[in-house]
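Listed here are the chains, written in short residue letters.
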Amino acid sequence: MTTYAYYPGCSLETMAASYHVSATEVARRLGIDLVEIEDWNCCGATAYSQVDELLAQVLCARNLALVEQSGRTDVVAPCSACFKNLSFANLHMQDDGDLLEHMNYALDADGLAYSGSVRVHHLMGMLVDEVGIDAIRARVTKPQEGLRVAVYYGCQLVRPHRPGQGMQDVEDPRFFEDLMEAIGADVVPFPHRLRCCGGSLIVTSRKAALAMLHELLRSAGESGADLIVTACPLCQVNLELYQAEVNREFGAEFKMPVVYFTQLMGLALGASPKQVGIGSEIVKAGSVLACRGAATP
Amino acid sequence: MTTTLHFDQEVMNLLHAAGGEPLSTCIQCAMCSASCPAAPFMDDSPRRLIALINADLRDQVLASNTFWTCASCFACTERCPRGIDPAQLMYALRRYSIWKGVHREDLVGPDFSRRFVRTILRNGKSYEPGYAPAFIWEGGFPGMVREVQGALRLLRKGRLPLIPSRIKDLDGFRRMIGRIIPLEGFE
Chain A
1 MTTYAYYPGC SLETMAASYH VSATEVARRL GIDLVEIEDW NCCGATAYSQ
51 VDELLAQVLC ARNLALVEQS GRTDVVAPCS ACFKNLSFAN LHMQDDGDLL
101 EHMNYALDAD GLAYSGSVRV HHLMGMLVDE VGIDAIRARV TKPQEGLRVA
151 VYYGCQLVRP HRPGQGMQDV EDPRFFEDLM EAIGADVVPF PHRLRCCGGS
201 LIVTSRKAAL AMLHELLRSA GESGADLIVT ACPLCQVNLE LYQAEVNREF
251 GAEFKMPVVY FTQLMGLALG ASPKQVGIGS EIVKAGSVLA CRGAATP
Chain B
298 MTTTLHFDQE VMNLLHAAGG EPLSTCIQCA MCSASCPAAP FMDDSPRRLI
348 ALINADLRDQ VLASNTFWTC ASCFACTERC PRGIDPAQLM YALRRYSIWK
398 GVHREDLVGP DFSRRFVRTI LRNGKSYEPG YAPAFIWEGG FPGMVREVQG
448 ALRLLRKGRL PLIPSRIKDL DGFRRMIGRI IPLEGFE
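For the record, the sequence lines run as chains A and B.
Numbering follows the working numbering, in which position 62 of the first sequence is assigned residue number 62; successive positions increment by one, without gaps.
Adding 297 to a residue's 1-based position in the second sequence gives its number in the working numbering.
Only chain B is shown next, with the shape it has when bound in the complex (with noise of 0.2 Å):
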């Protein structure tokens, strides 16, 4: 026989080290979405899609933009006086749909997870030119020449590098990865 969990049960055993209260323990009191500088621009506020989990509604949930749309700012987190942490809720939710590979598809959070992860394992820093260019047509073509516009005022400024910066032990960085995610995913 097997178990269907409920979907907040799920979401909290995402949260292993972070976490906070179970979200059952909400109270609907929205200083979540009070305190939230991007509420204005998600589908639902945090508040409500806590809502949505504790009703089980996983579809409507995966289907919102509010968890790309968390800047990780930490006020929810901070204020929430049942000690819930939304902002990791957010991050978690993130891991669930890239991990389900249900998203909204419109939205360019995901693949530039996936790009800025991958830059990192192939280097061991952050390189903004090794991810950046898959998303300089977003805005369309204005969009594009605001990009380059950024890019050259930096690139002047001699504040973007044109080779990527690497580690040196790169081999034993990559070992240890491979002990916690399959490297072969990200190539």
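Bound-form chain A, shown alone (with noise of 0.2 Å):
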């Protein structure tokens, strides 16, 4: 069984429940031990950086440590800005001494050392390189056959790119169609795939946020999608729960699930909808799971 730190975030723990918990349960099936991080701390989301940088990056590099002193070389982060917060934290920390330096003297106050030495990976790329796409194929006992997708990376899935990842792969990735395609689902053209959803101007600038939210609904409805499938709690909860408020602005009807990745994997492998979380969502996506035969037990 291969082991990995998981750092789960803190919607996983609250609003993104059914993502934890399908999480959990494709890695089981998948021989993955995930070992969460004992007593992990806020990533510092979108928020901390506007207000001071050096205190978001002692944030990440407080769970960095927290990895390192389990003895573990590698940490997963099932939430996109989780993953984009602690990569980029290590790898400024990787990059300049100076700035190890100052963080160490912070951790210290907290009994924590970080030298440097942690790989960061999103739980869809551990999935996707480390795993492999053959290897999950080879798992499917429950295809998800006739169930239309459409695919949303969103934004810090795949921006703002890691070195050694290429240009390709920020502006037109195929690695989640190519996952989703795996398990069987069929994979609608969705132009909307990479463009923003606009989770974290939600509070801050709601007209802004509420007409990205329609563009991107107004994108997957005309694709033809059962469903949107996301790897991020801020899009699932964004897209779901601002869906009638997005339908009462702008006239619209838009009645569309968004699930998490994981949920349809998990399906595939063979777990019933309630061991992956169907059920938790606020536009049900259990009724279109199961005329397509995609979640019968």
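By construction, these hints were calculated from the structure, which means they are not laboratory data.
Note that this is a predicted model, so its numbers are computed, not measured.
We put the CB at the ideal spot given by N, CA and C, even for glycine.
Nothing false has been slipped in among the hints.
Simulated crosslink set (SDA-like; lysine to any residue; CA at most 25 Å straight-line): (1) K207/A to S330/B; (2) K207/A to F438/B; (3) K207/A to R392/B; (4) K422/B to S280/A; (5) K465/B to G455/B; (6) K274/A to E13/A; (7) K284/A to A244/A; (8) K207/A to V399/B; (9) K207/A to S342/B; (10) K274/A to G447/B; (11) K274/A to L459/B; (12) K207/A to Q446/B; (13) K454/B to S280/A.
Which chain B residues face chain A? A few, computed with CB under 8 Å, are given here: (14) R456; (15) L457; (16) P458; (17) S462; (18) R472.
Put the two chains together into one complex; each comes in its own frame, and the hints tell you how they fit.
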């Protein structure tokens, strides 16, 4: 069994509990052990960097130091924002000895230290790069045939790009589509798959956020998708919780379920809808999954 | 004798670890504005904001809602042909405007940031009910009703906790933070 340190992040404890449940279920079925970091803290989300850059940095440094202390070398984050924050904080410390020293001065007050040895993965990146699409395809027992999915990358899963990642991966990535096709789903062309949902603006610039959501839902609806599949808790919550408000504001009638990729993967690997947290959506996904024959037990 | 920094130098000094190329290398091609999904809601497009900074028009920049309307999607950062990092620039301007206490009166962003950070410094983790209620009147009475309805929907599905989750080693965590910023300002 392969073991990874696991950084769930704040959303997965609350609004995105179904992402946590389904990620754990998928990992278990693929023979991967996700060991939660003991006493991890918030990664800083998008709000820290606008108050203090080093504060944003030290929050990530503490989590990485905890991974190192546990003796593990690789950490997996399912949330795209956590992934971006942890991986860039890590890169900055690896590149800049002065910054690393500064962070260690702060960490020392908490009895911790960080040398820069940890590798940070997004959960999807780990599944695609380390487990492999072919290996996943081989484990599928209930292919999601006939389920038309709009694959939604959003932003921070791919942007900003990391060293070694090609331009192609940023502007025209394929790994998410490949993963969904590997579990038998029918991937529809979705022009806005890389366009921001406006999640971080929903409180602070409501008008902009609703317009950005409307654009995305319209694009997904026109693509003929049964549902949107995402890898980010902020996108998921934003796209479904504010759908009613978008409908009111723009005179639309969207009823588009938004699920996590791990939920569909879990079903394809033989888990029951309940085991992957289906049923906790605001826009119900159960009936479309059942009517496509994708979630039958 | 004192030297007053040109505004673009002052802004570049705010970018420590991340930051890209200096703003003075901008060629005004507007790739950033064209890539920005939030641009229609900005007082000044990202391109124009950089031009204002390079023209040393500090007051005009600080009066703009542009950097508070950035959604951190990093499309501009990916595409800038000169290697400028506009998304990090927006963060830097938010920090600058919070420090100076200068921003457009009607903006929610500055207060939201402060409340968010205060919640994390108190618990070590994020807790929406700890800072979101301060903003439910933003949309007037109907807006408040919508917010409460949304919260109830999440609550019914067990997706909204009633008690904040806290890290165990809060003392050590706060000692660590205290070595970066003075905690007093957030309490």
